[in-house]
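Peer 1: The primary structure of each chain is shown beneath.
2 protein chains.
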Amino acid sequence: MRHALELAGRVLHTTAPNPRVGCVIVRDGRILGEGATQPPGGPHAEICALRDAAARGESVVGATFYVTLEPCSHFGRTPPCADAVVAASPGRVVVAMGDPNPQVNGAGLARLRAAGIPVATGVCLPEALALNAGFAARMSRGSPWVWLKMAASLDGRSALHNGMSQWITGPQARADGHAWRARADVVLTGMGTVLKDDPRLTVRDVPVPRQPRKAVVDGRLQIPESARLFDGEEVWVFTAHEDPVKAERLARRNARVIVLPGAEPGRVDLPAMMRWMARQHINEVHVEAGAGLSGALLSADCVDEILAYVAPVLLGDALGMVKLPMLTHLDAARRFEFIDVAPLGPDVRLRGRFADRWQTLMAAANPR
Amino acid sequence: MRHALELAGRVLHTTAPNPRVGCVIVRDGRILGEGATQPPGGPHAEICALRDAAARGESVVGATFYVTLEPCSHFGRTPPCADAVVAASPGRVVVAMGDPNPQVNGAGLARLRAAGIPVATGVCLPEALALNAGFAARMSRGSPWVWLKMAASLDGRSALHNGMSQWITGPQARADGHAWRARADVVLTGMGTVLKDDPRLTVRDVPVPRQPRKAVVDGRLQIPESARLFDGEEVWVFTAHEDPVKAERLARRNARVIVLPGAEPGRVDLPAMMRWMARQHINEVHVEAGAGLSGALLSADCVDEILAYVAPVLLGDALGMVKLPMLTHLDAARRFEFIDVAPLGPDVRLRGRFADRWQTLMAAANPR
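So the sequence lines, in the order shown, correspond to chains F and C. Position 344 (the first sequence) corresponds to 344 in UniProt numbering; numbering is contiguous. Position 338 (the second sequence) corresponds to 338 in UniProt numbering; numbering is contiguous.
Hints in this document: simulated from the structure, not taken from any laboratory. What you were told as hints is all true, and nothing was included just to trick you.
Because identical chains share one entry, a pair is satisfied inside a single copy or across any pair of copies.
Distance condition first, Cα-Cα at most 20 Å in a straight line; then the derived SDA-like pairs of lysine to any residue:
1) K196 - Q222
2) K196 - L327
3) K196 - L160
4) K196 - T328
5) K323 - H161
6) K323 - G163
7) K196 - H329
So that you can see chain F by itself, here it is in the shape it has in the complex (with noise of 0.2 Å):
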């Protein structure tokens, strides 16, 4: 299984919006073929580790097949994989996380059994699921995985109070930071950033095989549409504001413009903007704002993961990293856990986890 997941992981960039995931075939110890999911429309890791199997010379038949998700038991673009593994006369099946979509869990599992084929599941279900928690959110609650990318001083200070940020982090973080900005759907931020940085928001530290989608928060419709990433591909600007001839220039610039007012005037609906993302596939959502944007995510409860740089630097009398409304007591700050620390170059990346938000999925992704 843990062979079947490092397959899944390669193919992190390519799957979308299909799940990642990895089928390795076993017998004696032995790997007979071995494959994972192709681009959509392509065939998915069961079928690639069949012919892979078929290509070397090999009978699977009574033999143990690994698969990091449940095969799938519908036609989608691609006949169901549970019943080309059911032909292929397996010994056993084990399988790491059920199919996240309610309809759809344990369908698959079910057929399998069904031609009498034995079942063993749960096995590394949570990095199984780590690898497609973004497909998982969208199947199971209708909007994608968010994590929120920081990066701070030991103390908190993500700017100094003339908007300077850059290299706070090292080159180590920043490539890192590409290496997660890469491997979501959509690289979100908001209008703060835009006027201050004029980010290009694309990969540029880490080689890969398309960019992600660019988004904007911009509750007032007030983007330049001079703004640097705007350049590529079409870009998504949400607004609270109606506003169709300043929608209309944007257009030229290849922005589409979804308007979702939230309860205040000029903010956006962060949910609803979850929502319908979801519904355009989006599985994973990279948050790269500043602290007015990160904080109202964080309120909105629209945030699953913090991916946070830390440098050894302590900056005092500067600007914070989230801006959220001040607390009289401690017990109503939301916690997190970690679940990652690492040293990156002269930084250290902490990643933490909303552990609420993680179980409801744990309990989606469990196979039935």
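We have chain F; now place chain C onto it with these hints.
Peer 2: Just chain C now, with coordinates in the frame of chain F:
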């Protein structure tokens, strides 16, 4: 040498103001004797190891001596260890760090070499120095080794605006903080913390043979005699304000007032305070203070290490970790190095060190 370092680590709380030293005598991979520095007035590590070998009935002639610090060559409260080592006729002596006192560094090694004993030096030097950075700092630069303990949220907030700061981090971080308090010679705080939290500043969460001395920086000598930190042994109160009446009242609470006015009125000369403590044989200072004193010590370049506990929470609008002057350029910020990152229950401990200050000690401790 690893074992000798481990022996030295076991006497962390009992050797001050002497260094923590371990010694292991080995022949053919077998330990003949071992020991670590006894409390002041008692035998040093080499003598303990020799006595241990004698008690085991082992001859150490021709054996290899591993000792974490250069054997002393002068008469102090005990006769010179270098002479005792020479008299034992070792085949070889391996030393980690030299004596950090520039007047003495190399004298012990020279005595061994003059007796025809082969000497190897610098083995595990950084590890040996880390055990005795305080002793080395006092000997080589005339001030203690100072670490700044801080606990904060991921966005660097150590208290709410209403002052609430307890329990941002969890019990494991608190116990670890007490272990660091325990190894220090002095636990230092500021008046703000005394007024806000009225701390006892004692070591409670870990067993210790002795409580470290307590000290407080109180520029205007406003500390109430009722403060709980006066319960116990003599407390040092550093002030910029001459007030014999108040000093007399505090003396009745077993407090010693030290007047060290700085350049600004009402502010203590912090570097002079550190030098004063070194003259009282203080090796290590654990600072546990608010943003004011923490920032002032950083600004006065009185801090060697950062000991930060970071909790998995974002607090937004709350109080910062350190008060530092506003910067206009990031290059002006003094960077440290992360030397250790470790999860601690739900929290993460980040240790940082100012590289230049460490390198100065390394040079002083490099055996000649």
